[in-house]
Amino acid sequence: MTGIASLMGSAATGLPSLLAQVAQAQRIPGKIDPVPWCPAWAFWVLAALTVAGALVTITRRNLIGAVMSLVATFFGLASIYALLSAHFLAAIQVLVYAGAIMVLFVFVVMVLNREEEEPWSLRSPVLKAFGTGAVVYLLVRIGELLFFARPPLPQRAGTPPPNFGSVSEIAEYFFTKFLFPFEAVSILLLIAVIGAVVLTRTVAKPTSVHDLPLDQQPKDPAADEGDSGAHAAGHGAGGH
Amino acid sequence: MTFDVADLQNSAPLLLLTVAGLVLMLLDAFSRSKLVGAPYQKKMPAETSEAYPLPVAGSRGYLMPVTVLLLLGILAVVAWLPGQIHGDHGVFMYRDMLVLDRFGLLVSGICIVGAILGVMTAPAFLRAHGLEMGEYYALVMFSLAGMVILVMAADLVTVFLGVEIMSLGVYVLAGMWRKSQRSAEAAMKYFLVGAFVSGLLLYGIALVYGSVGTTLLSEIRSRAPVFASRPLFYIGWMLIFVSFLFKVAAVPFHMWAPDTYDGAPTPVSGFMMTGVKAAAFAGLYRLFAVTLGDSQNALQAYTGWVHAAYGIAILTMTLGNLAALHQESIKRMLAYSSIAHAGYLLIGLIAMAVVGDSARGPLLFYLAAYTVTVVGAMGVVGWLSRDLRGGERLTLDDWAGMGQRHPAGALAMTIFLLSLGGFPPTAGFFGKFYLFRVALEKPSLLPLVLIGIANSLISVYYYLRVITAMYFRAPAPSSEPASEPLSSTALSVGVLIAALLVLGLGLMPEWLANLCAAAN
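Those protein sequence lines, which keep their order, are chains A and B. Per this note's numbering, residue 1 is the first one in the first sequence, and the count goes up by one each step. Per this note's numbering, residue 241 is the first one in the second sequence, and the count goes up by one each step.
Calculated from the structure, these hints are not laboratory results. None of these values were measured; they are calculated from a predicted model. Heads up, a few of these hints could be off.
Which stretches of chain B does chain A cover? Using the computed rule of at least three CB atoms under 8 angstroms from a CB of chain A, they are [as the list claims (entries may be wrong)]: (1) 324-338; (2) 376-386; (3) 411-425.
No residue lacks a Cβ here, since even glycine has one placed at the ideal position from N, Cα and C.
Input sequences plus hints: build the corresponding full structure.
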């Protein structure tokens with residue numbers, strides 16, 4: 001809640017200045033280079049930043065470290081959006097992802113404070129070898145497609161229209177061509193709200209041995225039948 | 241105007257489903273909370289008693305009839321709309337985001353019929369397990385709205401939205417059995433895999449858009465021959481294909497399915513196995529059989545999805561059936577059998593691409609027959625397996641002697657199992673018959689059909705195993721109290737309707753077959 005409130009605050013103060021910048025950054029029509037103030041290698045630097053951030057995210061054991069490098073990825077992505085003249089998207093990327101969603105991530109990490117564990121790790125060396133082989137095969141096939149197939153590269157699509165990427169342009173798309181998806185998303189959000197209520201509402205304690213965690217269920221039906229005290233103990237353990 | 245006013249009429253099923261969901265939410269909000277055994281209650285009855293007092297219908301008992309009536313009304317609208325389609329190509333709506341055609345309406349109808357039967361069998365189960373809450377009905381409605389968006393989608397954006405809306409509702413439904421650890425596991429596995437799959441789907445859509453420059457399926461279809469040689473186009477379609485295979489639980493993308501179908505509340509499992517699968521197959525049909533399905537075969541040869549689907553269909557049928565062979569739990573056996581049926585359905589999809597439009601009817605007929613059968617079977621499982629201690633009694637030993645203890649339920653289960661196995665007087669037989677017959681029109685599909693037939697024979701073993709346990713085995717001598725079937729009129733009527741539909745489609749399949757064949 002606090003995160004959302006702080007986001008609202010930052011949006012309220014930051015948005016006007018951002019919009020001013022967006023308006024300023026709109027290019028003069030007729031220029032071929034979409035971003036005149038930016039050299040071509042900037043894309044590669046930003047792409048490297050994005051990929052490196054993503055790699056660090058999935059390799060850190062420290063969750064906070066992972067989350068923070070995810071911020072770097074989000075900023076890299078936002079810059080790439082800006083390079084593509086999608087300034088509004090870049091601003092939203094920073095506000096929503098690097099702002100709100102990261103705050104939520106950090107909250108969840110800190111509130112849960114879980115022990116490090118790897119529930120679904122591949123333990124068997126055979127499986128590990130198989131998994132590695134599969135990933136290598138996939139990368140080789142994709143690389144083969146990308147580099148050896150030598151497709152005809154698409155021509156530069158030309159100068160984007162003058163308003164491209166601006167707030168008004170995006171708003172127009174939302175209310176004309178993409179009106180239906182824009183409205184349909186509201187069903188999605190409604191389900192998310194209902195789902196959050198359904199899944200977090202307090203419930204009564206388990207009422208049967210079948211509801212207990214798997215490791216607490218009696219192994220042998222006969223044993224479970226013989227000792228009714230085991231029920232009570234099981235309920236107490238499973239109830240919290 | 242940013243859209244045509246006629247679009248409101250043409251997308252009426254979708255709009256009505258959404259409104260119906262909202263109405264149900266409001267009804268639920270204004271009902272008194274005096275439920276027994278529901279989550280609203282702070283304490284359960286004394287746990288020491290052997291059998292706690294049976295929960296009684298709460299003030300929300302009327303939500304189920306209301307839901308069924310609303311769905312019947314929407315079904316009537318779905319049945320009326322084909323008259324509004326003039327010409328062969330369907331009516332595009334909302335600036336080409338959706339398309340109204342007979343195919344989409346028929347699959348929507350299948351999903352809605354499945355949901356009606358599922359909703360009829362649900363409340364008794366939910367009440368018995370302390371799950372009765374109004375959100376169940378609303379979430380089913382919203383999920384159905386997602387399915388309708390998916391089956392009517394004419395643009396990759398709406399395809400994605402349909403998949404997400406449909407899945408999000410089902411994730412919640414799968415986890416609504418809060419007291420059950422397995423339900424939580426089911427929801428968590430489904431959600432995590434589903435989130436990953438959404439990423440794949442979105443990535444695939446982005447790559448296709450990046451290579452073709454449009455998300456409109458009709459434009460992609462017309463431009464595809466030019467753009468098919470682009471690697472991004474190819475990789476994008478493969479990602480989309482894989483994400484849909486996850487949704488229909490095809491091997492090797494099935495690992496979430498047994499735990500999810502087994503752990504979710506039984507009526508929800510039925511909804512997942514039928515509605516989600518039917519809608520996902522409709523999506524596969526629109527994306528692959530129609531958009532990439534080129535009779536020249538040049539496009540298919542390049543994107544290669546037919547070859548991939550060929551192998552995956554064989555794997556799915558075989559592994560699904562082999563895994564189902566040694567399941568002791570009936571619900572889990574049905575989960576694996578649902579995987580196997582995805583394999584048979586893939587044959588229909590391949591036949592669409594290889595044989596042509598004549599395969600559409602068999603594919604749709606199979607979907608309809610499968611939906612009615614599985615919803616009925618899951619209804620019976622929820623019906624007969626209720627354990628007074630709160631769980632479910634699902635093993636074959638628990639079901640031994642069910643023929644004597646509960647003849648009606650056992651008879652219905654027998655009908656559904658025979659239909660799943662493909663025995664003659666049932667819908668399942670004609671589903672398989674039409675499917676295999678149309679696939680045999682091309683010799684290249686002969687191996688696929690032979691493997692399908694062999695798998696049907698394998699599957700007979702484990703379906704008959706349940707039937708023999710119910711009729712020809714004495715209950716195992718156990719001091720545990722036997723399962724106590726639910727007593728609910730709505731449930732019995734729902735199962736009865738499902739059984740009559742299964743038999744009716746088995747005795748008079750022509751009308752539905754003709755309807756399916758005409759659903760272009």
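Quick rundown of the hints versus the structure:
1. 324-338: holds (count 5)
2. 376-386: holds (count 6)
3. 411-425: holds (count 9)
Every hint, counting from the list given before, is met by this structure.
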